[in-house]
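Novice: Residue-level listing of the chains:
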Amino acid sequence: MKRLPQAALLPDGRRLHLQDGPIDLIVEAKGKEADVRAAYQAAVHRFTGLLDELCEELAELRQAAAPARRALNGVVARRMHAAVAPFAADCFITPMAAVAGAVAEEILGAMLGVAQLTRAYVNNGGDIALHLGGDETFTVGLMDRPDSHGLLRTMMIRAEDPIRGIATSGRHGRSFSLGIADAVTVLAQTASQADAAATIIGNAVDLPGHTAIVRVPANELQPDSDLGARLVTREVGALTEAEVEDALEAGSACARKLLAAGLIEGAALRLCGETVVVETRGIESRSPQAVRGDAPGSLMHA
Amino acid sequence: MVTEATSAAIGDKIRCDACPVMCYIKPGAAGACDRYANHDGQLVRVDPHIVLEQTVSHGGRLVPFQATGDWDGKIVHEPSIVVTAIGAGTTYPDYKPAPFIVSSEIDGVDMVTVVTEGIFSYCGVKVKIDTDRYLGPETATVRAQGEAVGHVTTSEYGSQMLSLGGVHHLTGGSKKEGRVTCDALMDLSNCNPVELTIDGGATVVVQAGCAPIVNGVAEERMRVGCGSATIGMFAKQWQGKVDEVVVVDDHITGVLSEHQAGKLLDIPDTGIKMKGRRSTPGRYFQVAEPGTGWGGTRISDPLSVLGPFDPKTARPGMTMLMVSTTGEHAAYYELDAALRPVEKQMPLDLKLSVERIQENCEPALCTVLFMGGAGGSLRAGVTDNPVRLTRSVKDALTRVTSGGAPVYVWPGGGITFMVDVTQMPAGAFGYVPTPALVAPIEFTLKLSDYAALGGHMDFVRPLASLRDSAEIRPMPYLPGRRA
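Chains as they are written, first to last, in the working numbering: chain A, 1 to 302; chain B, 1 to 483.
Among these hints, one or two may not hold up.
Partial pick of chain A residues on the chain B-facing surface, computed with a CB cut under 8 Å [said to hold, decoys possible]:
1. ASP20
2. GLY21
3. PRO22
4. LEU51
5. ASP52
6. CYS55
7. LEU58
8. LEU221
9. GLN222
10. PRO223
11. ASP224
It should be emphasised that the hints constitute simulated quantities derived from the structure, not laboratory data.
Predicted model only: the values in this text are computed from it and were never measured.
For each residue, glycine too, the CB sits at the ideal point set by N, CA and C.
This is chain A alone, in the form it adopts within the complex (with noise of 0.2 Å):
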């Protein structure tokens, strides 16, 4: 018997709900109805099995990327190291860094491959890539907790921006960070960028050695996590408002210098209630009026 993924409709009859294992979709595209309904026809028919292809080079995809390209066979697991293999060099990272957005890439790229469609995404858990056409925009909200009322902020992204992926990574996540960040949203050209990307960002929002952060090896929560033994952030205790700054400042840096080689377009990180905006490159971006009381005390632009 062929495990088949769940794909369904959504209530509100537009976006589908695709599922298989832990891949959670939401996909929506939008352009003539017939290209639509081939667009979501083709996204089903990629997303069958695309687990189980992943799943056939899993061990290989959980071991430290070389920044040399390794002999991976599944497209999507060779874009999931080509996204980590820049960081590769300077730090421990694998190529499940950037499964997500991986595979959100690969079903938006069916879709488009089938159908003329003016607007399109696929949300990968928050993990999304993205098609724009023509004057078509796509808006990115920023919640502060999912459980909050109201964006901290939105970010416009038009089709002329060069922007097709966006990523949030945190300690909040499914999975598990080495920083404290409780969200790093990154800007990318693709989707497995930009995870992988928020992810590097993420560990480095970080302050090490301080008691109040309590750290447990990833591999004591998920006995095969390829973070094996590192120490992964499971609560993050009272912090002063310097040390929320400096470890914010730790993150800044690594995500200008990232933008500085081209490998993003912009990130948000947020610690602590506090929010920082590294360069968006005129991606239009603002706060809409306060939701909460602790909403964005300093946004400095780096």
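Let chain A serve as the given structure and place chain B on it in line with the hints.
Specialist: Same frame as chain A, but now just chain B:
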């Protein structure tokens, strides 16, 4: 809990094979998907289970429901997949093949499940309300929103029965009567609360699986037995602790010293004089009008059921316990010099006996059985020779379920069945404006038997094909209602 995934244990970790990631999961932790977790060494799903999850509709929508706990009578025997009729859709009249005729192998025998949603204009609910309080006279009209939706039927042990719905109220009365009846039946069948008023009786809020609320008061317990039975059960425990016990009951009030149980224990006469009609020694009918007071009677002062004590037998200082059949009401008395009972603080050991009565009373519940007849055209959706389906059900070759829940099929003609609505998935019932109720019904039988009874063999689809079906209709998902 239904789990389609299996696991292998490695130390205290388990390995999940729900998907090819094959996570090792530690106790108390979840896998990469956050859907499966290791709960004390058992692999369990932690998200609401979607029964048709593997029966995926591509481009359509799913019909999710929370699988009920322990049900073992799988309709389609393939790990974790139960195809229910909910959302299967149907046509009316039912001359088209039922929406899903699913085949699957059970122990090497091809089995067919015909899944349809029946439209039942001949249907209703039988409601059992655990209470001794008086709800209304037999045959009295039961109303919802002022419209007649049914009637009070016979009392059963410790319970009042209502018969609601039926074709007469659904289609035989005014339009409004039909609509209100249909709404009431659907709400009751979907385990929602419905307020019912009984002509010449009480107002009761009925919700399947919950305690009835009679005239605004939630019923707590069923009576332990009638007054006479209570005497029989507790006589020994009262012996030597009190001279007289009266168990006040709307049906049969019991008196310890006169009752056979008291006689056997040589409990002396007390000169007590009961009102009401004596049935046999120590057992009295009609000591008071029925009501919502003591023991299902109207009284709030239990002494009102007594006449004056006989001065030839009674003596000052004699003690008496009066208690209702649920133990909810109890009082303790001593006779004064004029042989009048005066209420006193109840001794501890008698208090304990009252608590024992309470303890032996089961929680009062409302239960709702949906009853419908699939004897008519619905059968034509299953076979082109409808009567053979009926015979096949009678011969126990075909198993009938409703929303996956076991049903009782009445003997005699047609396929008239009853099902406990609490055993069915949430939101199982719908309606059509006829008005009539739409209820799921599944027939499961051997493929060869199905062919023999004139089944729509051209329409039999392998279970796997439902995965690609876009015919599955959305159903409202009501999370967390059932176990």
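Novice: So, for every hint listed, does it hold in this structure?
Specialist: Hints, verified against the model:
no. : hint   : in the structure
1   : ASP20  : holds (7 Å)
2   : GLY21  : holds (3 Å)
3   : PRO22  : holds (4 Å)
4   : LEU51  : holds (6 Å)
5   : ASP52  : holds (5 Å)
6   : CYS55  : holds (4 Å)
7   : LEU58  : holds (7 Å)
8   : LEU221 : holds (7 Å)
9   : GLN222 : holds (7 Å)
10  : PRO223 : holds (4 Å)
11  : ASP224 : holds (5 Å)
No hint from the list above goes unmet by this structure.
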